[in-house]
Amino acid sequence: MTLLSVRNLSAFYGDFQALFGVSLDAAEGETVAVIGANGAGKTTFLRALAGALPAPRDAVEFAGQPVGGWPAHALVDLGIVLVPEGRKIFPSLSVRENLEIGAYRRRAGPWTLERVYGLFPVLSERREQPGTNLSGGEQQMLAIGRGLMANPRLLLVDEISLGLAPAVVKHLYEVLAGVHREGTTLLVVEQDISQVLSVAQRVYCFRKGSVALEGVPRHLTREQISAAYFGA
Amino acid sequence: MAWVDTVLQGVLLGGLYALFATGLSLIFGVMRLVNLAHGDFSILAAFLAVVAVQTLGLNPLIGLVLVVPIMAALGWWLQRLVLNRLLGRGILPAVLVTFGLSIVIQNGLLETFSADSRRLNPGGIETASLALGGGLAIGVFPLLTFAVAVLLLLGLHVVIGRSVIGRAFRAASDDGATAALMGIDRDRLYALAMALSLGIVAIAGIFLGIRTTFAFSSGPDRLLFAFEAVIIGGLGSLWGTLVGGVILGVAQTIGARLSPGWGVLTGHLVFLAILVVRPAGLFTKSRRVG
Amino acid sequence: MSVEATVRIARITAASRAGVGIAVLVVAALSAVPWLGDAGTMRAIIEFLALLVLAQMWNLLAGYAGLVSIGQQAYIGLGGYALIVLADDAGVNPFFAVPLAGLVAAALALPTAALVFRFRDAYFAVGTWAVAEVYRLLVANTDALGRGTGRTLKAVFPLARETRELVTYAIALTVGVAALVAVYLYLRSRRGLGLMAIRDSEPASASLGVDVLRTKLAVYMVAAFGTGTTGALLYLNLLRISPDAAFSINWTAYTIFIVVIGGLGTLEGPIVGTLVFFLLRQLLADYGAWYMILLGTLAVVAMMRYPQGLWGLVAERWDLQFFPVQRRVQRGG
Chain X
1 MTLLSVRNLS
11 AFYGDFQALF
21 GVSLDAAEGE
31 TVAVIGANGA
41 GKTTFLRALA
51 GALPAPRDAV
61 EFAGQPVGGW
71 PAHALVDLGI
81 VLVPEGRKIF
91 PSLSVRENLE
101 IGAYRRRAGP
111 WTLERVYGLF
121 PVLSERREQP
131 GTNLSGGEQQ
141 MLAIGRGLMA
151 NPRLLLVDEI
161 SLGLAPAVVK
171 HLYEVLAGVH
181 REGTTLLVVE
191 QDISQVLSVA
201 QRVYCFRKGS
211 VALEGVPRHL
221 TREQISAAYF
231 GA
Chain R
1001 MAWVDTVLQG
1011 VLLGGLYALF
1021 ATGLSLIFGV
1031 MRLVNLAHGD
1041 FSILAAFLAV
1051 VAVQTLGLNP
1061 LIGLVLVVPI
1071 MAALGWWLQR
1081 LVLNRLLGRG
1091 ILPAVLVTFG
1101 LSIVIQNGLL
1111 ETFSADSRRL
1121 NPGGIETASL
1131 ALGGGLAIGV
1141 FPLLTFAVAV
1151 LLLLGLHVVI
1161 GRSVIGRAFR
1171 AASDDGATAA
1181 LMGIDRDRLY
1191 ALAMALSLGI
1201 VAIAGIFLGI
1211 RTTFAFSSGP
1221 DRLLFAFEAV
1231 IIGGLGSLWG
1241 TLVGGVILGV
1251 AQTIGARLSP
1261 GWGVLTGHLV
1271 FLAILVVRPA
1281 GLFTKSRRVG
Chain G
2001 MSVEATVRIA
2011 RITAASRAGV
2021 GIAVLVVAAL
2031 SAVPWLGDAG
2041 TMRAIIEFLA
2051 LLVLAQMWNL
2061 LAGYAGLVSI
2071 GQQAYIGLGG
2081 YALIVLADDA
2091 GVNPFFAVPL
2101 AGLVAAALAL
2111 PTAALVFRFR
2121 DAYFAVGTWA
2131 VAEVYRLLVA
2141 NTDALGRGTG
2151 RTLKAVFPLA
2161 RETRELVTYA
2171 IALTVGVAAL
2181 VAVYLYLRSR
2191 RGLGLMAIRD
2201 SEPASASLGV
2211 DVLRTKLAVY
2221 MVAAFGTGTT
2231 GALLYLNLLR
2241 ISPDAAFSIN
2251 WTAYTIFIVV
2261 IGGLGTLEGP
2271 IVGTLVFFLL
2281 RQLLADYGAW
2291 YMILLGTLAV
2301 VAMMRYPQGL
2311 WGLVAERWDL
2321 QFFPVQRRVQ
2331 RGG
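Residue numbers (my numbering), protein chains in the order written: chain X, 1 to 232; chain R, 1001 to 1290; chain G, 2001 to 2333.
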């Protein structure tokens, strides 16, 4: 069943157009990867889905309902949750409070504080420390944990590998694979394609604000991906 | 001994200034908004208390129970209908709109209540004093004001530090856009912050009106003192506003003792001096609420 | 098939030529008033010109330099008192003392800036107000300046009333025209371009080599000079000064309303705004405080829904610029 259906989405920052008629589908329970170079519009796309940017009402359909342009808090109620680029941990909140604020809308679901601590023990150890006292990798765990606390139906993940060591990134993707196994739908944006292609059922490649390629990872060649990524 | 008395009075005056400053600090922390009509709202509250006293025969301290919720509601709707639309447009619209509101309120009060000075009479408590020994005495009402300020700050400290809504305030103050992504409805959160701000400043206005005379034009000075207390204490620190208020109060009372016309001026000069030496204020935490 | 289009960067358009023409006519008409009109009209025009210059100065600060000051009344007061001190105490010709008073105000703007430039945004605004209050209280506590009651300008007493009024009017006209021309030329200059770049983006303009601090300071001092000169002019006209009147926040209220209602960030806006201001004052003269309530409400509404002001609405609708400071791209030879 299609959970997310994006049709012809364009997005602007003032006069500057960042997305040009993007269309994308994600079935419930699927992990979809969105790859592309810097500035391709991937983050803009996720932000538009999450309600941080305006979007036309009919451009985004979620579980059959047109939700384009809805405010972010209403989308979280539906289960659309963003793990933002750059982690965006709240410095005035402790690790625990950062997680708790993820559950602000109190959506029902399997994720609790204890469960997140189980997933990321280091967060439990540092629970009363300010969120930004953690290392980059730990903050990324915190950001993912915070997203999970909202009990998402569709988890939007923006560039978690940025600035992290490969071993840490591997661990994070194992966590995402686990979240996928629970049935959560994932839309994962990445510049580093090797990790994300191993967990995704389908991939979209963005270039300059449009979809340049779409397919199943194991059916696509390196050349095809490279051509779509950089432009032939 | 007379100097100790002066300093003591200044400290208690600081409690009143903290009441004025707290609301200003709160809304700046949460939404980076400076409400130039802040002082005028406190005077509006004082005049509402005058109406309550005149029409219902209430003691002004009882009148608080009516006026504070009215002012809080006013703050809620002001934020939702007017000020929320100005966010994200830079500071100029907010400065100019609140400045315009300040002028409208002042002139509205002038039209409605004339230019006469008023005072609220709570029936004697404002003249009562407490002997401290050694010839020292302090006013009961200033002491009460100080106590209310401390209690209020304590209350806010607890709410902001431990409650869900407090967490939301802190998150919004850190990063409003990400707070929205957490599901926080900023429209309503900001309205709540403004409601709190005006509710607190209503208390400040009524306490002011009991302590001294006031008129339609008394608002701007209150804003200035509140602003100075916030800056001296450091932006973003709630307890800092108490310290800032106390420093300002003491500066003013000492100045007034040196020469009658110099009270307020001394406060301004101390404020500017602190600004030169420590522009960030005494207790600044980077842009945090509480 | 090749398409050729010549493109010009131009500032002068038909509208701007018309603008210059209208301006010349208006100035000529105003110059004729002393012979055609009466003293009352002259006083009204003096006041109009004074408010116009104040509005232009505030517009320069807020609309172009991004410095939202609500303390410009400090320089009105300083200019007014400097006039009295220079003319009565120092024996300077009171008419020459007007621009000198402006220089005094500009000089005091330097240490003032050293303080208030430590603030940003809304706190800068309140900081300027606090400083204005300090000036007011210092003056009100100084015996030589007449304390709370103020002083009267005595140096003009020997003159015949008509002569004084005529010269004051001439000075007002000169100040008004000079201020407008100066602002116009400045904004068209390279420095003016730098200023508008700062308004649009400080970091970007800094990275392009615009000295942000120096430019802002220069603009702040120039505005102080203009405001101070206008303050001196106002009190040359009124003859009687007191701290509460000269340092009153009402001056700022009037200029803000004029600029917001007329149109921030344009040269034509303050002109339109001042006209509206005077018109409203005439219409509502009998209604006391309602006049200010209406002005305040209009300003709030303007800021919320029509931030471009009355002139902005007109200019957008008909793409007009009488006093263009923008460069336009024009097609064709």
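Just so you know, these hints were derived from the structure itself, not from any lab.
Treat the numbers as computed from the prediction; the structure is a model and nothing was measured.
Don't take every hint at face value.
Covered stretches of chain X (in silico footprint by chain R; criterion: 3 or more residues with CB under 8 Å from a CB of chain R, positions within the stretch not fixed) [what the hints assert, rightly or not]:
# : stretch
1 : 53 to 64
2 : 163 to 169
3 : 194 to 205
Across the chosen pairs, the derived CB separations fall in these ranges [what the hints assert, rightly or not]:
#  : chain 1 : residue 1 : chain 2 : residue 2 : range
4  : G       : V2020     : R       : D1221     : 55 to 65 Å
5  : R       : V1051     : G       : R2043     : 36 to 46 Å
6  : G       : S2207     : X       : K208      : 47 to 57 Å
7  : R       : L1143     : G       : R2043     : 37 to 47 Å
8  : G       : R2043     : R       : A1137     : 51 to 61 Å
9  : G       : G2091     : R       : S1129     : 32 to 42 Å
10 : R       : A1137     : G       : S2201     : 53 to 63 Å
11 : X       : A165      : G       : E2316     : 27 to 37 Å
By construction, the Cβ of each residue, glycine as well, lies at the ideal position given by its N, Cα and C atoms.
Evaluation of the provided hints:
For a cut-off of 8 Å, the count of residues in the stretch 53 to 64 of chain X with a CB near a CB of chain R stands at 0, and the three-residue condition is violated. Coverage of a stretch by a chain is defined here by at least three residues with a beta carbon nearer than 8 Å to that chain's beta carbons; for the stretch 163 to 169 of chain X and chain R the count is 0, and the condition is violated. Three residues within the 8 Å Cβ limit are the bar, and the stretch 194 to 205 of chain X against chain R gives 0, so the coverage statement is violated. Distance hint check for V2020 (chain G) and D1221 (chain R): the Cβ-Cβ separation is about 47 Å, which falls outside the suggested range of 55 to 65 Å.
A hinted range of 36 to 46 Å holds for the C-beta pair V1051 (chain R) and R2043 (chain G), which are about 41 Å apart. Taking the beta carbon of each, S2207 (chain G) and K208 (chain X) are about 25 Å apart, not inside 47 to 57 Å as hinted. Between L1143 (chain R) and R2043 (chain G), the C-beta spacing of about 55 Å breaks the proposed range 37 to 47 Å. Here the CB-CB span from R2043 (chain G) to A1137 (chain R) is close to 57 Å, well matched to the stated 51 to 61 Å.
At about 56 Å, the CB distance of G2091 (chain G) to S1129 (chain R) disagrees with the hint of 32 to 42 Å. Under the hint 53 to 63 Å, the C-beta atoms of A1137 (chain R) and S2201 (chain G), about 59 Å apart, fit the expected range. Distance hint check for A165 (chain X) and E2316 (chain G): the Cβ-Cβ separation is about 54 Å, which falls outside the suggested range of 27 to 37 Å.
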